[in-house]
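Generate coordinates for the entire structure from the input sequences, incorporating the hints supplied.
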Amino acid sequence: MDRATGITLRILRGHADLIILAVLILIVLPLMLDIFRLNLVGKYLTYAFVAVGIVLCWGYGGILSLGQGVFFGLGGYCMAMFLKLEASDPASTSIQSTPGIPDFMDWNQLTELPWFWEPFHSFAFTLFAVLAVPGILAFVVGLAMFKRRVGGVYFAIITQAVAAILSILIIGQQGYTGGVNGITDLKTLLGWDIRTDSARYALYFLNGALLLTVLVVARLIIGSKFGKLLVALRDREDRVRFSGYDVSNFKIFIFVVAAMMAAVGGAMFTLQVGFMSPSFVGVGPSIDMVVFAAVGGRMSPVGAVYGSLLVNWARTAFSESFPELWLLAMGAIFIGVVMLFPNGLAGMVDGMKGGFIRSTARLGGPTGASRGAPVPDQWPVGRPRAPTACERGALEPGGSVSVTGPSDHDLADRQGSLAH
Amino acid sequence: MEGLTLEEFGAILVMQGFNGLSYFCVLLLMALGLAIIFGQMGVINMAHGEFLTIGAYATFLLSWLSEHYAPWFMPYYFLLAVLLGFAAAFAVGHLTELALIRHLYRRPLDSLLATWGLALIMQQGFRSLFGAREVSATLPDWLLGSWQPVSGIDIPLNGLFVMALTMLLTAGVLILTYRSRWGLQMRATTQNRVMAGAVGIDTQQVDRFTFALGCGIAGVAGAAFTTIGSTGPTSGSLYIVDTFLVVVFGGAQSMLGTVASAFSIAQASSILEFFMTGSMAKVSVLLTIIVILMMRPEGLFRANVRR
Amino acid sequence: MTRNNRPRGLYTALGTALLTLAAAHAADHPTAAVNTTGLAVTDTTVVVGQLHSATGTMAISETGSIQAEQLAIAQINAMGGVLGRKIEVIQEDGGSDWPTFAEKARKLLVNDKVAAVFGCWTSASRKAVLPVFERENSMLYYPTFYEGLEQSKNVIYTGQEATQQILAGLDWIAKEKGAKTFFLVGSDYIWPRTSNKIARKHIENVLKGTVVGEEYYPLGHTNFGSLINKIKLKKPDVIYSIVVGGSNVAWWKQLKAAGVTPDKQTILTISVTEDEVLGIGGENVEGHYSAMKYFQSLDNDNNKAFVKAFKEKYGADSVIGDVTQAAYLGPWLWKAAVERAGSFDVDKVAAASPGIELTTAPEGYVKIHENHHLWSRLRIGQWQRDGQAKVLHESELLEPNPFPEGYQ
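So the protein lines, in turn, are chains A, B and C. The numbering used here puts the first sequence at residues 1 to 420. The numbering used here puts the second sequence at residues 1 to 307. The numbering used here puts the third sequence at residues 1 to 408.
Since no wrong hints were added, every one of them can be taken at face value.
Computed spacing ranges between beta-carbons, pair by pair:
1) A/T188 with C/D112: 21 to 29 angstroms
2) B/L168 with A/T111: 52 to 60 angstroms
3) A/L340 with B/S284: 41 to 49 angstroms
4) A/R195 with B/F9: 55 to 63 angstroms
5) C/V89 with A/W192: 36 to 44 angstroms
6) A/W115 with C/T36: 49 to 57 angstroms
7) B/G17 with C/D301: 51 to 59 angstroms
8) A/D34 with C/P354: 32 to 40 angstroms
9) A/D34 with C/A33: 27 to 35 angstroms
Residues of chain C placed beyond 12 angstroms of chain B at every Cβ, according to the derived structure:
10) D43
11) A78
12) K86
13) N137
14) L149
15) K153
16) K177
17) A309
18) K367
19) N401
20) P402
If you're looking for bench data, these hints aren't it; they were derived computationally from the structure. Glycine is no exception: its CB is placed at the ideal position from the N, C-alpha and C atoms.
Structure, rendered in structure tokens:
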């Protein structure tokens, strides 16, 4: 009995932040807010799925993707296709020249449902596709990139191009995708009206529960041996490779996981907001989502949730009172979080705890250990850059000069190799 | 193609060839500043498009001023505008380096976020200063219309102007980078900062000048683009993805690579757009770039990189 | 029936006499009677919403609409308001982002309980908010000319739908220029594609002409050299252009530079208003034709008064395009409908709307059709170097037909 309580207590203590967040999302917010605001919070939380994925990919894996909006969008589109088919039953589309197909297809002279829409009549297939379609795309992109050792900055820019291609295709192929309008006017899910207040409540809780599940998954990944390897390859990719690991497989895996998380968020977005729009598949929203993660703390999945909530709440509050100032504020958040709080909210909280560092962070090597301290401290103003790769190798055992911030190894490598 | 004589066909061919060249110059002009900032310094400047916009607004401002206060100056203002575009963007770039970029040399991906934030702020700044609507600089007559060497062939004057400007600027940048003392210092600094500092190069000064120069070139491009494109708070953001692709595709560290990549992308787009619809041409070009980059991650020209 | 026997020149009607009248007016309409559904209406005020993009890429276009709606509301208030109640505005920013539009629409309707909303510009934003308006049952006054294929009890479309804007314009150019061959160009999204589809049907079936090319370029595309050469290869009688945004500026500047001048090539466009000419530059569109229901240069008393008031409020340099004028109609049409219904209740306002006439509209006379679109005229304007259009032709009053038979 005592032992059981002890274990429970230890688990509780180890995951206090997660439990606090769960209480906040599932109890405090629903009690505090009316359904309109709660629905908004639900929308913000769908972005948090993406941000958690970005924490895994970027904070832990060192892979910055500027195309996470693509996966969010694809997940959302899969769900929207199912809902649109349900909303387009022959009875309610009887005024169309071809009843039974979505209205935008009818406007574009399609006379039958395109083949790739057919399977979306099935809810089971849709649930599968929500994960599989973005997962497969991420796998293909990841396979092609990481096997060729494209990383860092290059990867970020190529994901931008992928986002540009998809957004041109979705907007251009409007007969199949709804074009720039997106897929709108979604009504029911398996006959259940998703626009009622009660449905909004239910979807909010479902969304919250899914998000907490995703956070647990993230924690499991980070705590596992794989998570440690991930941090290792972020900081010293070559060393991990020389130790006999196939680095690219780890990167592909974490990229696919992040894509699937984003996709779940997208699907929940569609359900709660009632439509899906190609505007997420562009570059801008993807970068915004990186900032949600950065505000929360790029090493903290729970922080990413707070980051998403905070930035989006600020966006709504600002644009309700000072629309003109919003872009200035958002820009300032971008710059501020990079310059002043590179470890985001989580870093500030840890800083306040005064050196109390959770085990996951400690395992992260030099970067993890410095998590409490803002990065600029490590590179005071005007100080020369850290040594390049060759010197770094020599200095490393001492460890004093070799502290690398997250995600900057690629450039260092590039410069290092140039110096040879 | 009924009713089309051989001569007309030839004329289209000539004009299409010119179009390819002129698009090449546009891409090169866009990418040149970024090739310095991103390629040489490794800073991902997402606000590059907004530095273009600075040049465009400088041109508009000068056009408006001379139209209202010195009509006699109208035919010549554009040349001054190019210089003003450079100066304005250079100055803002200098400040940006001082306040922001110099803290981020070790963190390229963070420089991406910070400059994206800067881009948002600059866009709102343009909107507050110049209004949300697009504006248009009144072009001098010598930049309007086309030159007809023979009947049937129209060579756009603004295209010729952009071309000449690009040639001059590219030559200037190449000479500056590879033949001047500053170029030597810049290359030394970006390749090995510690050693460069050790041999007595003021690396901070070199960084600041290099970044500001890249921004200044963007300003020149912005001034030139008022002849062929729009001037509004968000005009610059139209170019940003394409510009990065040109630089990356060329091989980020190679200036010549940027030239070659701008050339091949421009020719490919120009030809594909002629034979298929605009959207499909764009998608095909982007896909080809991605596939080639997968096969050659270092881009077209690799600068002796060892991995 | 309708209350349009006011003197022309709406803003001139300012006067204490009217204000006293209005105060008495409010007493005639006790709040409990005119507002049975819990809208934000008090004894002295009524709250409406305004939902446009003040930021983002669409701010370029929507600024004019924001200004025109505020001008109309200020003028209505100066005349004593609606049913004796002053109009108060809650302005929300859609930020050029469609999900944000939906969010803000819900906020206006659910939280603020506004009596009506004036807003949206792109079709995408309208599609995003439409389910919200239908579900929460409120009125949206939508100002932009658009592709049609839509009709809702909850929307009054104050701009023209596609057939109104396209057919009469094509008829005119075919008759006037003897045009037989057309090259259709557009930005790659729903409005240009749908509009060109209607244009193609009309050209092929009614005008017995041919479409020698139809091309679409992605939004934001800036290099049109290849397209211009392709067009030169086909030598069409008319280029029919529906390019939008930043692309539009690049397209016209490059046309001019490629020697595509009015003496050699006729261009008819439905995507250039005075607002766009500001960005394109008058010298680049000089001599080409736009088909619109409104031009700033329209020569009638309503319009002169409107232009004067607009410039007084927003500066002598400001210009007024088609959509800006259509946005200006929104508050007036709503006022007329509320007064006809004698109530702010949405159902009553919607029911009272068809048949509402506005003789004081700057564009002349408009009337709301049963399908909630406006009867209006189409004009052909030829652009001048100073950025104004010379109106060459005016159609008869055109019936709105958002679901045109034989054009789909």
